[in-house]
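Work out the full structure: start from the sequences and follow the hints.
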Amino acid sequence: MTGAQSHYEEFSKGIWRENPIFVQVLGMCPMLAVTNSAINGVAMGAATTFVLVGSSLLVSLLKDFIPKQVRISTYIIIIATFVTVADFSLKAMAPALHKELGAFISLIVVNCIILGRQEAFASKNTVRMAVADAVGMAVGFTIALVLLGSLREILGSGSLFGVSLFGPHFEPWVIMILPPGGFIMLGLMLLVFASIREQREKLGERLAAEEGAA
Amino acid sequence: MSDPAHPNMPSEPSGTRLVATLAAAGLFSGLAIVGIYVATLPIIEANNARALERAVFQVVPGSTRMQGLLLDNGELHAAGSGDAPGVYAAYDDAGTFIGYAIPADGPGFQDTIRLIYGYDPAKRQIIGMQILESRETPGLGDKIYKDHDFAANFDALSVDPEVVCVKHGKKTSDNEIDAITGATISSKAVTAIIRSTNARWIDELPGPDGVPPLEEGDAP
Chain A
1 MTGAQSHYEE FSKGIWRENP IFVQVLGMCP MLAVTNSAIN GVAMGAATTF
51 VLVGSSLLVS LLKDFIPKQV RISTYIIIIA TFVTVADFSL KAMAPALHKE
101 LGAFISLIVV NCIILGRQEA FASKNTVRMA VADAVGMAVG FTIALVLLGS
151 LREILGSGSL FGVSLFGPHF EPWVIMILPP GGFIMLGLML LVFASIREQR
201 EKLGERLAAE EGAA
Chain B
1 MSDPAHPNMP SEPSGTRLVA TLAAAGLFSG LAIVGIYVAT LPIIEANNAR
51 ALERAVFQVV PGSTRMQGLL LDNGELHAAG SGDAPGVYAA YDDAGTFIGY
101 AIPADGPGFQ DTIRLIYGYD PAKRQIIGMQ ILESRETPGL GDKIYKDHDF
151 AANFDALSVD PEVVCVKHGK KTSDNEIDAI TGATISSKAV TAIIRSTNAR
201 WIDELPGPDG VPPLEEGDAP
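From first to last, the protein sequence lines stand for chains A and B. Under the numbering used here, the first residue of the first sequence is numbered 1, with each subsequent residue one higher. Under the numbering used here, the first residue of the second sequence is numbered 1, with each subsequent residue one higher.
Hints may contain errors.
[What the hints assert, rightly or not] With a Cα cut of at most 16 Å, we get these calculated EDC-like pairs of lysine to aspartate or glutamate:
1. K68(A) - E18(A)
2. K146(B) - E133(B)
3. K124(A) - D64(A)
4. K68(A) - E12(B)
5. K171(B) - D149(B)
6. K146(B) - D178(B)
7. K188(B) - E215(B)
8. K99(A) - D142(B)
9. K99(A) - D149(B)
10. K63(A) - E119(A)
11. K123(B) - D160(B)
12. K123(B) - D155(B)
13. K188(B) - E176(B)
14. K91(A) - E45(B)
15. K123(B) - D203(B)
16. K99(A) - E45(B)
17. K99(A) - D111(B)
18. K188(B) - D142(B)
[Unchecked claim] Over the 10 Å line for every Cβ pair with chain B, so calculated as not near, a few chain A residues:
19. C29
20. K99
21. L107
22. V109
23. C112
24. L165
25. F170
26. L178
27. E201
By construction, these hints were calculated from the structure, which means they are not laboratory data. Ideal placement from N, C-alpha and C gives every residue a C-beta, glycine not left out.
Pasting the structure below:
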C-alpha cells in the first residue's frame, strides 16, 4: 500500500510540486525555442519523455555496475543514444515535424532536466521509483510546453493545433510567435503559477492555524 | 543496517574496470545507433523522394512523371540512380515533356532558403515555385510560402531579360515580382536566388525537342 502510494508521490511531484519548468525552471532552451505552436510542444514533449524515461530506466537498472568516477560520461552516452533513436524515428515517421523542430531534437542531449534526474534520482532509486519519477517529470515538462505553445499559437497565429479560431479578421500578435513573445508569455505563466502556489500555501497555513485553535 | 565496526566502504574500482564500463557503454550505444540508422534509412529516403516528387509535380502544373537530368559537357542526359541530378524534367501521363523543375538555394534573411521552380523553355517562363526549406521570420518573411499572392507571381513569370523584384503593387511587366510588404528582404532573396540560378541553367536547357525522352521504368 505504502509502495503504491510513494510511486504515485514520485510521479505526481513532477507535475505540480516540483514541476521542472514552473518550479525548478530547468530546460528553458527547448521551452522557449520550439513553443511557437501547440503541435511543436507536443512533439518536443513526446521526444523528451521518451529520452527521459528510457534513460532513467537504464540508469536505475545499471546503477550498481556504473562506477561513480565515470557515471556522468556513462549517463551522457545513454542519453545521447536515446536522443539519436528519437531523432531518426521522428525523421522517418513525421518528416514535417522533424523539419520544424530542427536542431532542437538533437539538443535534448544537453537538456538539464534529463541529466539532472539521472544524477539526483535514478542513480539512487529502484527501477520502479525511477520510472515513476521520470514519467512525472516528463509529463510536467510536456504540460508546460503544450500550454505555452497553445497560448503563443492562439495569440500569435489565431489558431490552435493548426485550426483557425477567430476567422479571417483576426490580426495575429506576431510578437507572440517570435522569441520575445516566448519570454513574455513564460514570464506571465511563471507569475500565475507562483501566485497560485502562494495562495494554496496561505490557505494551508490558515487551515492548520484554525485546527490548532480548535 | 550497516555494521559500525565494518563500515560499508566499497573498494575503489580499478582503472581497468572504469575503462571497461565506458567501453561497454560505447559499444552498446554504437550498436543501438547504427541499428536505428539502418532501420530508418529506407523510410527517410522514400520520404525525401516523395517530397521531391510532390514538389516537382506542383511547380510544373499538369505533370505526373519525372526524371532527373545531369548536365555533362553541355549535354543533358538522364541521371543514373547513383548521381545527384541537377534539374528534373517533368512529363505528363503520355510521356510528353511539359517543363523543367530547377532546384535552387541561396541566402535568405536568417538562413539558407531552398526552393524549386518550374520552367517552360517553349514560353521562356517560370510556371511555378515552391519554397522547400527556410527559416524566415514567422509572421513576416515566412509569407514567401504562406502568401498566395506572392506565390502567384511565379505562375507566369518571364525570364527575359531577367527577373526583378518591385515594390508591392508596382508590378507592370511580366518579368517583375511583386514583393511582400514587410518582407522585402525575403522577397528580394527569393528573386536573387532565382535570378542567379536562371543565369546558370536557362541557356543550358534545350527546348522541348532537345529534352531526353522519359526512360521507361521511371514511372512513379
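Verification of the hints:
Proximity of K68(A) to E18(A) is assessed by CA-CA distance (about 26 Å); at most 16 Å being required, the pair is judged violated. Restraint check for K146(B) and E133(B): satisfied, since their Cα atoms lie roughly 13 Å apart, inside the 16 Å limit. For the hint linking K124(A) to D64(A), the alpha-carbon distance of about 10 Å falls within 16 Å, and the restraint holds. A C-alpha spacing of about 10 Å is found between K68(A) and E12(B), which places the hinted pair at or below 16 Å, so the restraint holds.
Only pairs whose Cα atoms come within 16 Å are accepted, and K171(B) paired with D149(B) is accepted, the gap being roughly 12 Å. With a C-alpha separation of about 15 Å, the suggested pair K146(B) and D178(B) falls inside the 16 Å cut-off, and the hint holds. About 38 Å separates the Cα atoms of K188(B) and E215(B), which puts this hinted pair outside 16 Å; it is violated. With a CA separation close to 15 Å, the supplied pair K99(A) and D142(B) stays within the 16 Å bound.
Taking the CA atoms of K99(A) and D149(B), the gap is near 25 Å; set against the 16 Å cutoff, the hint is violated. Between K63(A) and E119(A), the direct Cα distance comes to roughly 11 Å. Compliance with the 16 Å bound is thereby established for this hinted pair. For the suggested pair K123(B) and D160(B), the alpha carbons sit about 11 Å apart, so the restraint of at most 16 Å is met. For the hint linking K123(B) to D155(B), the alpha-carbon distance of about 12 Å falls within 16 Å, and the restraint holds.
Between K188(B) and E176(B) the CA atoms are separated by roughly 11 Å; this keeps the pair inside 16 Å, and the hint holds. The straight-line distance between the Cα atoms of K91(A) and E45(B) is roughly 10 Å, inside the 16 Å bound, and the hint therefore holds. Restraint check: the Cα-Cα separation between K123(B) and D203(B) comes to about 14 Å, which is no more than 16 Å; the hinted pair holds. Among the hinted pairs, K99(A) with E45(B) is consistent with the structure: their alpha-carbon atoms are about 15 Å apart, no more than 16 Å.
For the given pair, K99(A) sits about 14 Å from D111(B) by alpha-carbon distance, which is consistent with the 16 Å threshold. With a CA separation close to 13 Å, the supplied pair K188(B) and D142(B) stays within the 16 Å bound. The claim that C29(A) lies off the interface holds: its Cβ sits roughly 17 Å from the closest Cβ of chain B, which is beyond the 10 Å cut-off. Interface exclusion of K99(A) from chain B breaks down, the closest Cβ pair being 7 Å apart, not more than 10 Å.
At roughly 16 Å from the closest C-beta of chain B, the C-beta of L107(A) stays outside 10 Å, upholding its exclusion from the interface. Every C-beta of chain B lies more than 10 Å from that of V109(A), the closest at about 12 Å, which supports listing it as non-interface. With a minimum CB-CB distance of about 21 Å to chain B, C112(A) clears the 10 Å threshold, and the non-interface call stands. Its beta-carbon lying about 16 Å from the closest one in chain B, L165(A) satisfies the requirement of being farther than 10 Å from that chain.
Distance to chain B confirms F170(A) as a non-interface residue, since its nearest Cβ pair spans about 13 Å, more than 10 Å. Residue-level check failed: L178(A) sits 6 Å from the nearest beta carbon of chain B, not beyond 10 Å. The non-interface label for E201(A) is consistent with chain B: the shortest C-beta to C-beta separation is roughly 36 Å, beyond 10 Å.
In summary, the numbered hints that this structure violates are 1, 7, 9, 20, 26.
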